[in-house]
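Engineer: Chains as they are written, first to last, in our numbering: chain A, 1 to 297; chain B, 1 to 342; chain C, 1 to 544.
Don't take each hint at face value.
[Said to hold, decoys possible] Heads up, simulated DSS-like pairs for lysine-lysine below, C-alpha to C-alpha not over 25 Å straight-line:
# : chain 1 : residue 1 : chain 2 : residue 2
1 : C       : K543      : B       : K193
2 : B       : K193      : A       : K187
3 : B       : K233      : B       : K123
4 : C       : K315      : C       : K326
5 : C       : K160      : C       : K135
6 : C       : K315      : C       : K256
[As the list claims (entries may be wrong)] Beyond 12 Å from chain C on every Cβ pair, some chain B residues (computed):
# : residue
7 : F16
8 : D74
9 : A103
[To be verified] For the chain A half of the interface with chain B, some residues (derived, Cβ under 8 Å), not all of them:
#  : residue
10 : L44
11 : P47
12 : S225
13 : I229
14 : V277
15 : N281
These aren't lab readings, by the way, just hints derived from the structure by calculation.
Remember, predicted model here, so these are calculated numbers, not experimental data.
Glycine is no exception: its CB is placed at the ideal position from the N, C-alpha and C atoms.
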Amino acid sequence: MQRFNLYQEEYHPSPLINIWLEFRRSHIALAGFVLLVVFLVITLLAPLIAPFDPYLQNTNAILLPPAWEPNGTVAHLLGTDSLGRDIFSRLVYGCRTTFGSSLLIVAISVFIGVGLGALAGVLSGLRSSVVNHLLDSIMSIPTLLIAIVMVAILGTGLGNAMMAITLALIPQFVHQTRTFVRNELQKDYVLLDRLDGASSVRIFIHSILPGMVELIVVQATIALSIAIIDISALGFLNLAAQDPLIELGLSLSQGLEVAYVAPWLIILPGLCIFLMVLSVNVVGEGLRSALRTRLHH
Amino acid sequence: MKLFIRYLNLMVVTIFILLLFSFILPFLFPGDLLTNISGISPQSNEQRIALEQVYKLDQSIFHQFAFYIESLLDGNWGVSTSDQSNLLHELLLAFPATLELVAYALLIAVVIGIPVGFLSGLKNHNPLDFSVVTFSIVGYSFPVVWLALIFITIFCLQFQWLPISGRIDLLFDVPTETGFILIDIARSGISNKADAYLDALHHLILPTASVAIVTTALFIRFTRRSIMDVMEKDYIIAAKSRGFTQRQIFFKHGLKNALLPILPLLVLQISTLITNVMIIETIFSWPGIGRWLIQAIYQQDYPAIRIGMLVVSLCVMALTITIEFITRAMNPARERAESATV
Amino acid sequence: MALRRSTFKSGLCVMMITAISTTLLGCAKPSLNNINAMTYCSESNPGSFNPQLDTSSTTADASAHQIYDRLLEFNPSNGLIEPGLASSWLVSADGLTYTFQLRSGVEFHNTSYFSPSRTFNADDVVFSIDRWRDKSHPYHHVNGGSYPYFDSLRLDERIKSVERINGYRVEITLYIPDSSFLANLATDFSVILSEEYAIELMTNGRPADLDRFPIGTGPYKFREFRQNQHIRFERHEDYFLPTTGPQQLVFDITNKGSLRMAKLITGECDAVAFPSQSDLAVIQEREELTLLQKPGLNIGFWAFNASKAPFDNPKVRRALALAIDKTSLLDAVYLGQATRAKSLVPSASWAYQSTAKELGYNPVRARELLDEADVPNDFTMNIWAMPVQRAYNPNAMKMAQLMKSYLADVGVNVNIVSYDWNIFRENLRLGMHDSVLIGWNADNGDPDNFYRPLLTCEAIPSGTNRAMWCNPEYDELIEQALLTDDFALRTAFYHQANKLLFEQMPLVPIAHAFQYQAIRADIENMEVNPFGGIRFDSVTRTKK
């Protein structure tokens with residue numbers, strides 16, 4: 001039978017759309033979102049955006065200041081570094097590396113974390129609580145320490161640093177998923193599904209997961225900001241991305257060497273990292289507020 | 001009591017796992033196993049065989065593990081590969097320096113962050129709250145590396161008000177006894193102690209500020225959220241309707257109920273705090289554990305990395321578990337703690 | 001109302017905090033009585049406190065002129081040999097026997113770990129030389145048994161005997177004449193140790209302390225060393241020469257060049273090691289800083305590991321040399337402040353050859369040669385870049401990156417490799433590299449100091465021959481040059497060696513650089529020492 005809606009005036013948006021509407025009401029959150037989209041675009045389309053090849057060395061144009069300074073040229077909008085490479089292009093590629101690797105880290109952490117958490121949630125009793133407590137403990141080891149051990153074993157490199165940060169972020173998702181799953185399992189609608197004969201996996205995917213999405217998204221924004229800060233900090237310490245890779249933290253460390261003659265070399269990469277994290281946090285805060293408002297009603 | 005035993009159990013299990021992990025590390029590190037364990041690279045075959053006997057490498061894994069635990073308890077923590085210095089000694093010197101930064105930053109964050117968070121949470125959506133929230137978001141979005149570099153550029157290079165590195169001007173010959181610089185100055189025999197104190201304070205300001213700002217911003221955020229959540233709870237509204245003043249409600253019900261949930265969150269922040277302190281130590285050449293560990297990894301000093309990792313994770317875990325235990329003990333109503341809230 | 005009271009409270013708090021911080025900041029800098037104290041920012045940890053054990057200038061800076069003296073010394077202004085611990089000397093007519101008259105009344109350091117019971121005498125000279133010369137000496141294998149400078153010159157095989165004639169006279173006999181022998185005794189490496197201390201340590205079972213807790217006769221006593229942090233020295237009050245240097249000397253170990261520069265500006269350091277090229281202009285502009293400079297007796301080069309294929313083929317080496325444009329390297333890395341190097345020795349040396357030939361920039365020819373030598377089109381090699389700064393190469397990393405793009409143009413892929421400095425040198429010695437960007441700073445005014453340790457066969461095991469190149473014809477030329485005292489004859493031999501090096505190209509000479517010292521403007525009497533280690537014994541600070 002064709003479903004038709006008699007009551008055309010009533011409009012019940014789905015939870016996700018609700019959040020979006022609520023989110024949209026805050027101008028700041030929207031601004032943050034726009035900034036986030038800008039970074040996403042940079043990450044995906046870096047080769048199209050960058051005016052120069054970021055690896056191109058030009059010994060005739062060493063340490064040119066940005067275009068608004070007296071010695072600057074418009075061709076190199078943000079100046080050049082000590083090997084004559086265009087800063088704007090390097091920033092674009094650096095943003096891509098930093099943001100892209102952070103997104104990847106969070107994606108993997110969510111995938112593994114939620115999976116493990118679901119498993120842990122379904123297990124009950126002593127084992128599960130032991131796992132829970134162990135996770136709490138592991139969550140408290142500083143990321144830098146995990147990264148140091150991983151780099152000591154595997155050597156420096158962006159991949160190894162990403163592995164370390166992923167490892168540090170997984171426990172949060174496991175913990176949250178497990179708690180949520182355990183709580184939901186006791187609720188009635190799950191009981192109904194079980195009575196219908198659904199398997200655990202089915203229950204999880206179709207009943208519990210949709211309710212969890214919002215929480216996961218919010219947690220993911222927190223994780224994303226942590227990932228960006230950690231990957232750039234490790235890059236600064238020369239433990240993550242190595243030359244010739246271009247990464248914002250690494251650019252910061254490289255810029256230090258000529259900081260007196262070219263202060264923009266440390267201001268600009270830092271500013272990029274800051275804006276990246278700020279946009280993620282603003283969007284995260286907006287989502288959280290929206291979620292709260294929805295939960296309250 | 002049952003709670004205590006549970007947590008004690010957890011502590012023991014965690015310690016054991018950490019010990020196991022740090023025992024395995026030298027096998028995972030690249031390079032010569034013997035050098036990774038002992039810190040000494042054998043010059044000759046006889047030396048190699050002698051060293052292997054000392055570290056029981058000719059016996060089974062269980063013997064080696066037992067020997068490892070034994071030497072840890074004895075205080076024989078090995079030597080560094082770069083300069084054969086005694087690792088226990090180096091750690092004892094470096095630890096108080098890190099502790100200083102962590103303690104001062106934490107102090108500032110608690111003393112400033114929590115009250116400001118409360119105030120702003122109570123009176124939200126007015127200009128003061130708005131500026132606090134802005135400061136908070138900007139503060140914890142700031143990469144701590146960049147903040148430190150900006151501070152250095154402005155305060156050290158531009159205005160030359162503050163020094164860049166170390167805990168105290170090296171020309172003050174202050175012998176290291178406790179490792180806490182202010183105490184050591186007091187106990188030393190130098191003539192110009194007032195100058196030394198002032199100098200030490202000057203060196204403390206920027207590193208502490210860099211870490212404290214980010215941590216305070218985080219504390220403000222959590223506290224504000226928590227108090228806002230609590231104030232919207234039904235029993236608060238009920239109290240309001242009964243005619244209690246804002247202040248009475250806050251101090252009787254709001255404070256305790258807002259503080260308890262954030263304790264576990266604050267504990268989670270300890271690991272961020274330590275990461276930040278380690279990074280700041282490198283930038284400001286502050287001679288703490290963070291800088292020591294990072295130098296160790298540049299110099300591929302595996303015995304140092306192994307022991308450093310063990311010590312830091314043991315301390316952090318012990319602290320975390322203790323605080324969690326106290327939280328649970330103080331709040332028997334919450335059987336299942338949810339450490340990660342929205 | 002509650003609102004006003006709480007805002008008032010927070011406002012009060014904010015005001016208090018601002019007040020306190022402004023007071024603290026606005027306070028005058030804590031006044032340190034630092035007329036008699038000095039801080040030097042050095043770039044790395046010394047390998048040990050005995051320059052006999054390695055050739056790193058970091059070790060020499062920390063110990064050679066602080067803790068020790070030598071039999072003979074160089075005058076840093078004119079390079080002439082002057083009396084040191086030896087007050088006079090005689091060379092026999094056949095050039096084989098050297099007799100040294102030693103000074104009396106020279107005191108060793110009295111520290112918390114050693115109290116001397118006698119003054120310096122001939123026993124100490126014999127001990128100091130026999131330690132590296134005699135493989136069966138009880139101290140020879142202590143702390144490694146490797147004495148790179150002396151090993152590279154095979155001095156142990158050239159010296160027949162070292163004899164104590166009486167308490168203050170020592171006689172050294174050689175097998176064949178060596179016109180650079182006296183110069184070698186004046187280098188940073190030929191330090192005089194305390195035999196009494198060595199015996200005491202051996203009896204107590206701690207011989208390794210000889211090089212870690214050093215005792216010498218020099219103007220400064222060792223106090224303390226914290227790895228990666230600092231070294232403390234204290235003036236030796238009984239030094240045999242009058243000194244005006246600081247009472248307290250501290251080496252602040254700071255790896256990053258930019259941080260050293262920053263500390264120089266804030267005044268946390270009075271002098272810094274190896275200011276980076278880009279900072280030189282900044283130093284000259286600022287009136288609280290002074291830049292000292294002198295033409296350096298040094299060379300920066302790119303050495304190939306000639307013991308590894310395909311770098312054992314001179315054609316390949318010449319091809320790679322043709323592939324890079326030295327001019328751009330000089331511009332970008334030295335910022336135009338170095339002389340292009342065509343051969344080993346710079347113009348400041350009497351053996352300089354202005355007519356020496358060098359390879360230009362010819363990438364087409366480079367590719368041709370590579371094809372002739374059967375090197376495939378995407379051949380991969382590595383370039384090891386020093387992590388530390390030196391006058392002869394202030395930024396090896398940057399140079400490596402530039403070279404990488406040049407080599408990419410001729411179809412060669414490059415991986416840039418670097419390690420912590422002490423690990424770097426050790427791995428180089430083991431020959432793990434394909435090629436390396438490094439250099440050499442003269443230890444004395446004799447050209448042999450360039451030709452022998454850098455490229456002779458005997459210098460390979462000691463590690464100073466970075467190219468690991470062995471050519472008997474070259475060795476013969478260098479030997480011949482030592483047998484005579486005639487400058488013209490010696491120069492002819494060195495010019496022939498240059499020709500051989502041009503044909504074989506075991507290393508590509510890149511630059512002879514100025515040597516710089518950056519100091520605070522109130523520091524006086526600091527001299528740039530072209531022959532090695534920094535000295536503080538006559539450095540003073542003007543009162544403000």
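Engineer: Does each hint hold? Answer for all of them.
Structural biologist: For each hint, the structure was consulted:
no.: 1; hint: K543(C) - K193(B); result: holds, 22 Å
no.: 2; hint: K193(B) - K187(A); result: violated, 67 Å
no.: 3; hint: K233(B) - K123(B); result: holds, 16 Å
no.: 4; hint: K315(C) - K326(C); result: holds, 19 Å
no.: 5; hint: K160(C) - K135(C); result: holds, 14 Å
no.: 6; hint: K315(C) - K256(C); result: violated, 38 Å
no.: 7; hint: F16; result: holds, 32 Å
no.: 8; hint: D74; result: holds, 21 Å
no.: 9; hint: A103; result: holds, 18 Å
no.: 10; hint: L44; result: violated, 23 Å
no.: 11; hint: P47; result: violated, 26 Å
no.: 12; hint: S225; result: holds, 7 Å
no.: 13; hint: I229; result: holds, 5 Å
no.: 14; hint: V277; result: holds, 4 Å
no.: 15; hint: N281; result: holds, 5 Å
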